[in-house]
Amino acid sequence: MITALSDALAERGYETLTPVQEAVNDPKLQDADLLVSAQTGSGKTVGFGLAMAHTLLGDAERFDRAEAPLALVIAPTRELAFQVKRELEWLYAKAGAKMASCVGGMDYRDERRALERGAHIVVGTPGRLRDHIQRGSLDMSGLRAVVLDEADEMLDLGFREDLEFMLGEAPKDRRTLMFSATVPAMIAKLAKSYQKDAVRVNTAGGAKQHADISYQALSVSPRDEENAIINMLRYHDAENAIVFANTRASVARLTARFANRGFSVVCLSGELSQAERSHALQAMRDGRARVCVATDVAARGIDLPNLELVIHAELPTNAETLLHRSGRTGRAGRKGISALIVPPKMKSKASRLLGWAKLTAEWIEAPSAEMILAKDEEKLLTDPALTAEPSETEAEFAAKMLETHTPEKIAAAYLRLYRAGVSAPEELGPAPKPGERPERAPREDFGKSVWFSISVGRDERAEPRWLLPLVCRAGNIDKTSIGAIRIRDTESYIELKEAAADGFEKALGNGILEDNVKATRLATMPDLGSGGGRSGDKKTYEKKSYGDKKSGGDKKSYGDKKPYEKKSYGDKKPFGKDGDKKPYEKKPFKKKVEDITRDGAVSEKTKKPRSKPDGDKKPYEKKTYAAGAADSSKRVYSKKPAGAGKAGGKPAGGGKPGGKPGAKYGKPKSGGNATFKRKG
Numbered sequence: 001m002i003t004a005l006s007d008a009l010a011e012r013g014y015e016t017l018t019p020v021q022e023a024v025n026d027p028k029l030q031d032a033d034l035l036v037s038a039q040t041g042s043g044k045t046v047g048f049g050l051a052m053a054h055t056l057l058g059d060a061e062r063f064d065r066a067e068a069p070l071a072l073v074i075a076p077t078r079e080l081a082f083q084v085k086r087e088l089e090w091l092y093a094k095a096g097a098k099m100a101s102c103v104g105g106m107d108y109r110d111e112r113r114a115l116e117r118g119a120h121i122v123v124g125t126p127g128r129l130r131d132h133i134q135r136g137s138l139d140m141s142g143l144r145a146v147v148l149d150e151a152d153e154m155l156d157l158g159f160r161e162d163l164e165f166m167l168g169e170a171p172k173d174r175r176t177l178m179f180s181a182t183v184p185a186m187i188a189k190l191a192k193s194y195q196k197d198a199v200r201v202n203t204a205g206g207a208k209q210h211a212d213i214s215y216q217a218l219s220v221s222p223r224d225e226e227n228a229i230i231n232m233l234r235y236h237d238a239e240n241a242i243v244f245a246n247t248r249a250s251v252a253r254l255t256a257r258f259a260n261r262g263f264s265v266v267c268l269s270g271e272l273s274q275a276e277r278s279h280a281l282q283a284m285r286d287g288r289a290r291v292c293v294a295t296d297v298a299a300r301g302i303d304l305p306n307l308e309l310v311i312h313a314e315l316p317t318n319a320e321t322l323l324h325r326s327g328r329t330g331r332a333g334r335k336g337i338s339a340l341i342v343p344p345k346m347k348s349k350a351s352r353l354l355g356w357a358k359l360t361a362e363w364i365e366a367p368s369a370e371m372i373l374a375k376d377e378e379k380l381l382t383d384p385a386l387t388a389e390p391s392e393t394e395a396e397f398a399a400k401m402l403e404t405h406t407p408e409k410i411a412a413a414y415l416r417l418y419r420a421g422v423s424a425p426e427e428l429g430p431a432p433k434p435g436e437r438p439e440r441a442p443r444e445d446f447g448k449s450v451w452f453s454i455s456v457g458r459d460e461r462a463e464p465r466w467l468l469p470l471v472c473r474a475g476n477i478d479k480t481s482i483g484a485i486r487i488r489d490t491e492s493y494i495e496l497k498e499a500a501a502d503g504f505e506k507a508l509g510n511g512i513l514e515d516n517v518k519a520t521r522l523a524t525m526p527d528l529g530s531g532g533g534r535s536g537d538k539k540t541y542e543k544k545s546y547g548d549k550k551s552g553g554d555k556k557s558y559g560d561k562k563p564y565e566k567k568s569y570g571d572k573k574p575f576g577k578d579g580d581k582k583p584y585e586k587k588p589f590k591k592k593v594e595d596i597t598r599d600g601a602v603s604e605k606t607k608k609p610r611s612k613p614d615g616d617k618k619p620y621e622k623k624t625y626a627a628g629a630a631d632s633s634k635r636v637y638s639k640k641p642a643g644a645g646k647a648g649g650k651p652a653g654g655g656k657p658g659g660k661p662g663a664k665y666g667k668p669k670s671g672g673n674a675t676f677k678r679k680g
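Counted from 1, the sequence shown has number 342 at position 342 by the UniProt record's numbering; the numbering is strictly sequential.
One thing to keep in mind: the hints can contain errors.
[Unchecked claim] As a list, the in silico BS3-like pairs of lysine-lysine whose alpha-carbon atoms are at most 27 Å apart:
1) 518 x 497
2) 172 x 196
3) 506 x 479
4) 448 x 497
If you are wondering where the hints come from, they were derived from the structure by calculation, not from laboratory data.
Construct the complete structure from the given sequences, taking the supplied hints into account.
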């Protein structure tokens, strides 16, 4: 390894290299193209920095004067590009490397001037790099190495064309290093097209990649999903935490909820501008915010040095996303927790995701309020402020406090002041046990009731979802006072609690709910079993109606399907013995072909009447009009054949039996009757 890089690693406290760093620095691979599967947070930035050192420097210890770039590093997001640049700056600082960045959202003129002054390594995002190449401000002729960091994310974000363009513009003899958490088909195709005999290095599947991340699956009841997140944030009290949601709407809702509960929170979602994203991340880095709520796309490539906790408020859609989310924590040897919030209906999906990602999670319950308060007390008792020697000013004030208040009151005030500055924990309901479905609460007994008749029914399209708010609004009652609703053809019945019935009648006054809809109090419960129709008791209605069919005399013979079908359809088989239906229908027509004519026109070739027996339509029409009719609108037929249509309309023609009269003359349809008049 080059001495300048070894010294930089030693100053940063690197005693041993991570598996991916060791794998890509194998001397046998120092000139080979690499396709590396490396989990996010595994130290791959330093890994490819070390891997391309020999390609850029050779046997030299320092770079020469900066001119055209020697290396190009492509990252999917602005945040990741800046992170890569920072890592490579300290790694190559002693080697005299000059860095430049080309990322969207930054001043294009500043980037162009930096490139004109010269740079050894350029780091950027696909869109902005392509822009510089096309404008001629980024010279690709001197490139010795091209690195694609998080290649799978770049394809997911739609940068395939940009990547292919840049790889096509780079020199053919350059070295290409691709780093990706996963290697889907598109990555393999890209590697095959733009790499030369690439060596596959796989370190993503090893157990060591997840040794610094503790995976937890929290089984919670459906109504406690957000409360469980609040308790997790309070219990772990992480310096930085990310809560992942699947949609912008969920991010906005959770951000507002956490802010109301006293958390210092920021959000990252697609609608934020680049400046807003930068401010949010800087707030997390400098401690002004401790919780970040984000979507998957918005959080791609971000690196928070003190991120200790990742919470999946909503489960990701696939195993790759789960790994990407979790990879925000447990980076570079630091410990982290990745917690999945799992309501009962999502338990099977969570198990599948963990299985696909080859992860083992500990299934636990969310921290309870008692656990959080106990941890608060433990933290206060071990606070370093209690063991530090008080200053002179602090000692004077402490003496005054002891003169005025007892030690018990001072300690209780200390506890209250601490709890006032943090969010109170949430009381959680019992979590469903593994393999157990939460039981539904038993329906409360409705008690004594009174029935009312409503003067509209199914014939007026009445339905419960319309009646319920109408009754509540007009009668000034709550829906909890309403029991059953039954819709009949001409009227409806509604059940009210006895305690609410008098108030309901009083609120109505004349009994009118709306327009002509009237409610009438019934002395007894209506007969709900008969006349039920669709909204009655379905089971009772079906049994009664079908029971009558079965027991009826005529119905029984009709219902005996087998003899009925044989009797009615049995004659059909011999009837159609003459062959196909089509020739059978044409037979009676063919017998009359020679006799059928209108003006003696019969085709000699086919022995069939012409499609238009009278020849051209125009002369035929002229022949049928009465002589001397000058005005075409007043022309009438000289002879109106039977079955003809309107005057001036279509002439009588042959259609299907029972079909429309006045069909066009033409070739008779199969099975039709010839309507041409016989001569003579």
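Against the structure, the hints:
no., hint, result
1, 518 x 497, "holds (19 Å)"
2, 172 x 196, "holds (10 Å)"
3, 506 x 479, "holds (17 Å)"
4, 448 x 497, "holds (6 Å)"
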